[in-house]
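> When you get a sec, could you build the whole thing from the sequences and use the hints?
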Amino acid sequence: MARAEPTGASASANGGGRCEPAAGMLIACAGCDKPILDKFLLNVLERTWHADCVRCFDCHAPLTDKCFSREGKLFCRSDFF
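Residue numbers (my numbering): -12 to 68.
Hints in this document: simulated from the structure, not taken from any laboratory.
These figures come from a predicted structure and were not determined experimentally.
There are no misleading hints in this set.
Only pairs whose alpha carbons sit at most 16 Å apart, straight line, appear in this in silico EDC-like list of lysine to aspartate or glutamate:
(1) Lys21 / Asp39
(2) Lys26 / Asp39
(3) Lys60 / Asp45
(4) Lys53 / Asp66
(5) Lys60 / Glu33
(6) Lys53 / Asp39
(7) Lys60 / Asp20
What follows is the structure in structure tokens.
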């Protein structure tokens, strides 16, 4: 479902190197739109989230194991089906 990546670091195609983000650049959470200052990024459906913001759109239950998507919104199994 999700992949955590260190913030501010990325590897080049050959596996070496380290890039730092430009000064002042922060990544906004797809759930709350606030900056992500955590050590790791949580990517779900090609968007970046705070771990606590990955919740079902309908019931607001945390989505820790599996999630389903419809029209760009995240759902738990019960609310999706």
